[in-house]
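> Below, each chain spelled out in residue letters.
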Amino acid sequence: MQHYFYDGRDLSQALEADYDSGLVMLSIAIVSLASYAALSVAGRIRAAESDNKRRIWLMAGSLTMGGGVWAMHFIAMLALRLPLAVSYDVSITILSTAPVILSSYVMLEVISRPKISQSVVLASVVMGLGIGTMHYIGMAAMQGISRQLIMLFEPKLFMLSILIALALSGVALTIDFLVGRNKKGSGAIWAKIGASLIMGLAVSGMHYTGMAATCFFAGDASPLWTKSSLNPSALVFWVSFTSVLIASLAIFVTFVDRRIQQATLEEAVSRSRMREAIESIADGFCLFDMEDRLVECNQRYREIMNFSSPIMPGMPFEAIMRGAAEAGLILDADGRLEDWLAERMTRHRTPRENFVEHFVGDRWMRVSERRVWNTGTVAIRTDITELKQTEIELSKAIAEAQKARAVAEEANNAKSAFLANMSHELRTPMNAIIGYSEMLLEDARESGQQHTASDLLKIHASAVHLLTIINEILDLSKIEAGKMELCLEEIHLPSVIDEAVNTVRPIVDKNSNKLFIHCPDSLPAIKADAIKLRQILLNLLSNAGKFTHAGEIDFSVSVDAASEAGWIVLQVRDTGIGMSRDQIDKVFAAFTQADNSTTRRYGGTGLGLTITKKFCEMMGGTIEIDSEPGAGSSFIVKLPLALDHGVKNDQNSAGRRQRIEP
Amino acid sequence: MTKILLVEDNELNRDMLSRRLIKQGFEIAIAVNGEESVQFAKSLRPDLILMDMSLPVMDGWQAASLIKADPITQTIPVIALTAHAMGEDRQKALDAGCDEYDTKPIDLARLLAKIRLFVI
Numbered sequence: 001m002q003h004y005f006y007d008g009r010d011l012s013q014a015l016e017a018d019y020d021s022g023l024v025m026l027s028i029a030i031v032s033l034a035s036y037a038a039l040s041v042a043g044r045i046r047a048a049e050s051d052n053k054r055r056i057w058l059m060a061g062s063l064t065m066g067g068g069v070w071a072m073h074f075i076a077m078l079a080l081r082l083p084l085a086v087s088y089d090v091s092i093t094i095l096s097t098a099p100v101i102l103s104s105y106v107m108l109e110v111i112s113r114p115k116i117s118q119s120v121v122l123a124s125v126v127m128g129l130g131i132g133t134m135h136y137i138g139m140a141a142m143q144g145i146s147r148q149l150i151m152l153f154e155p156k157l158f159m160l161s162i163l164i165a166l167a168l169s170g171v172a173l174t175i176d177f178l179v180g181r182n183k184k185g186s187g188a189i190w191a192k193i194g195a196s197l198i199m200g201l202a203v204s205g206m207h208y209t210g211m212a213a214t215c216f217f218a219g220d221a222s223p224l225w226t227k228s229s230l231n232p233s234a235l236v237f238w239v240s241f242t243s244v245l246i247a248s249l250a251i252f253v254t255f256v257d258r259r260i261q262q263a264t265l266e267e268a269v270s271r272s273r274m275r276e277a278i279e280s281i282a283d284g285f286c287l288f289d290m291e292d293r294l295v296e297c298n299q300r301y302r303e304i305m306n307f308s309s310p311i312m313p314g315m316p317f318e319a320i321m322r323g324a325a326e327a328g329l330i331l332d333a334d335g336r337l338e339d340w341l342a343e344r345m346t347r348h349r350t351p352r353e354n355f356v357e358h359f360v361g362d363r364w365m366r367v368s369e370r371r372v373w374n375t376g377t378v379a380i381r382t383d384i385t386e387l388k389q390t391e392i393e394l395s396k397a398i399a400e401a402q403k404a405r406a407v408a409e410e411a412n413n414a415k416s417a418f419l420a421n422m423s424h425e426l427r428t429p430m431n432a433i434i435g436y437s438e439m440l441l442e443d444a445r446e447s448g449q450q451h452t453a454s455d456l457l458k459i460h461a462s463a464v465h466l467l468t469i470i471n472e473i474l475d476l477s478k479i480e481a482g483k484m485e486l487c488l489e490e491i492h493l494p495s496v497i498d499e500a501v502n503t504v505r506p507i508v509d510k511n512s513n514k515l516f517i518h519c520p521d522s523l524p525a526i527k528a529d530a531i532k533l534r535q536i537l538l539n540l541l542s543n544a545g546k547f548t549h550a551g552e553i554d555f556s557v558s559v560d561a562a563s564e565a566g567w568i569v570l571q572v573r574d575t576g577i578g579m580s581r582d583q584i585d586k587v588f589a590a591f592t593q594a595d596n597s598t599t600r601r602y603g604g605t606g607l608g609l610t611i612t613k614k615f616c617e618m619m620g621g622t623i624e625i626d627s628e629p630g631a632g633s634s635f636i637v638k639l640p641l642a643l644d645h646g647v648k649n650d651q652n653s654a655g656r657r658q659r660i661e662p
Numbered sequence: 663m664t665k666i667l668l669v670e671d672n673e674l675n676r677d678m679l680s681r682r683l684i685k686q687g688f689e690i691a692i693a694v695n696g697e698e699s700v701q702f703a704k705s706l707r708p709d710l711i712l713m714d715m716s717l718p719v720m721d722g723w724q725a726a727s728l729i730k731a732d733p734i735t736q737t738i739p740v741i742a743l744t745a746h747a748m749g750e751d752r753q754k755a756l757d758a759g760c761d762e763y764d765t766k767p768i769d770l771a772r773l774l775a776k777i778r779l780f781v782i
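Taken in order, these protein sequences are the chains called L and C.
Quick note on the numbering used here: the first sequence kicks off at 1 and runs consecutively.
Quick note on the numbering used here: the second sequence kicks off at 663 and runs consecutively.
Mixed in with the good hints, there may be bad ones.
Pairs of lysine-lysine, DSS-like flavour, derived with a Cα cap of 25 Å [what the hints assert, rightly or not]:
id : chain 1 : residue 1 : chain 2 : residue 2
1  : L       : K483      : C       : K754
2  : L       : K613      : L       : K483
3  : C       : K754      : L       : K478
4  : L       : K527      : C       : K776
5  : L       : K458      : C       : K754
Cβ-Cβ distance ranges computed for the label pairs, FRET-style [to be verified]:
id : chain 1 : residue 1 : chain 2 : residue 2 : range
6  : C       : L774      : L       : S462      : 23 to 31 Å
7  : L       : N511      : C       : I782      : 33 to 41 Å
8  : C       : R772      : L       : A589      : 27 to 35 Å
9  : C       : F780      : L       : S454      : 34 to 42 Å
Calculated from the structure, these hints are not laboratory results.
Cβ atoms here follow ideal geometry from the backbone N, Cα and C, with glycine treated the same way.
All chains should be modelled from the sequences, with the hints used to inform the complete structure.
Okay, structure coming up:
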């Protein structure tokens, strides 16, 4: 076998070469498939997590690519039909795979680097040269069987074949680089398919251009008859089978690996999301499995349970609690570790409701443990120290307030007792004064001592007045202390009215007033406090008498049945001095009369109306004023007919009272 | 003559009231505390008892209930004399069995009217 670039041989002597088109197509298909496999592997190399893995992928990829190119070449050579029997030198054929495997390695190494665009040029140069070298070494393995095979190469086409390999690899890698990496899904796959087809064309284009550059001549009878004669059709089968298998395997493994990696990545993402979520919980979080071993916990939990040994997944719950308790973190366990631990374990195994753990540094944790079916136990520890402190402060404050209230109540009781005493002590001598003056007055009248009688009357009137004032002051202090009791009973209104009218008549007469009483013949029974009602009437009537001169006083009683409950309306109207708007506003305030001069002119404590209003309200009623200065005043008291106040049963008193009613 | 047992611890009130009632034609016996009133009610058998409620040794409410519990004295009317318009005192007096009440200061006309409900 001899081969030259061109030795001036007569080209018409060249052997006629012919191709089996089926095998040509097969060769192109195989190399395209191998390219696809190699590009897929490149993606895996880029995604490899470790150098080792990367190296394995590089190796597998370069073998696949190299094997594919070599298979393409070999099948194409078998497709070549020459009128001269040929054979291949086995060792040279095997050697021819070396450059293409090496160049594939370099190409994969370069293109699997992230983001170096110039590397595409380098990769295509290496790849193109690798393919060319492989081709021409492979050609060298060709030998005639009976006669010498002489090959001559046309230089321009030879150069073109190398250029085609370079250029088309460049195009293929560029497509893969620009499109394949920037797109996702089917776009990336189509780009890869396109790139693989072009890479296939680069290899086969190089080959068939190279073949076109070659002229075969038959030489002398060959002395070199090689022993390695292989059955060409069997070779085609095995070579194609093997290379397709390798390429398919590579594609399959790549696919599987990508899926695994994707799944791993997804799991990692979801795991890290979960972790972030757990870490973002402000409370201590931990999860134990069915065997009570720690599965997961957050940093906050580690901070809370910060004892000598670090908390690691897999640690038994008991060990963590024991560790924390032994380190003195949990005050509840102080001095009773084993008992506490036993209780705590029971509680943990049958969690019912939240509970509180007292931690060192006077910190309080609310623990919420929940069994999760088929998973284990989830526990949350919330720091409620502030809440607890507030609670403690609150209970202290409450205790203090209770103490203060007790003191106040005691003082109030003392005041009430004092008032009760005082009222007795003040009234007793008053009773004597009033009684004796009354007695003497009678004597003086009987014995005709008019002068003495009129003086005694003054003493008597003054005493009565003083007693009234004392009573009013005591009443008001009782009302203000909340000690005034309501004594409800069914009362006979006409007799209460009669009594009140009889009592105030002297005051009314003194100022030459006329008193008219309008009372319907039949009045419904009314439930009220007789003494308070009497006092209301006395106050209103005596005020009318006091502040009216030579005028008229109208006292009318009526029933207002408009509302469901029914009201009794007591109205006292006079033609007296009346009051201005301002005076009306102040008239119910304690110690206030229409103005200060009123007290001097008309006497009284200014408490009468205050007490009257309080009494009305105590009985569930109201009091209203209608007044104009100079035109007189009108006081309207409304009391409910039946006051359903939880009061004592007054059957007895009512029964007894019947006797004195006329 | 109608016999009234006046139960009153205060000397002035006792003196004043007894003199005024005697002047009205009643015969007056005096007890100065609750215990005495129970004894005298039994021994003197008065026609009516005027009983102050705040008394030493035994208070008026207790005395009244004892008098009303004893078959010998239970028919004697008892008029309670209570301090100024003390609702609860008055109610207590009626609960203790008193037949009537009047408030201090004594209004003689009013008291006489109440006495006349029971005796001539």
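> Each hint: holds or not?
Hints, verified against the model:
1. L/K483 x C/K754: 17 Å, holds
2. L/K613 x L/K483: 16 Å, holds
3. C/K754 x L/K478: Distance of about 19 Å is within 25 Å: holds.
4. L/K527 x C/K776: 23 Å, holds
5. L/K458 x C/K754: Violated, at about 36 Å.
6. C/L774 x L/S462: 23 to 31 Å: 24 Å, holds
7. L/N511 x C/I782: 33 to 41 Å: 40 Å, holds
8. C/R772 x L/A589: 27 to 35 Å: 33 Å, holds
9. C/F780 x L/S454: 34 to 42 Å: 36 Å, holds
When each numbered hint is compared with the structure, a violation occurs for hint 5 only.
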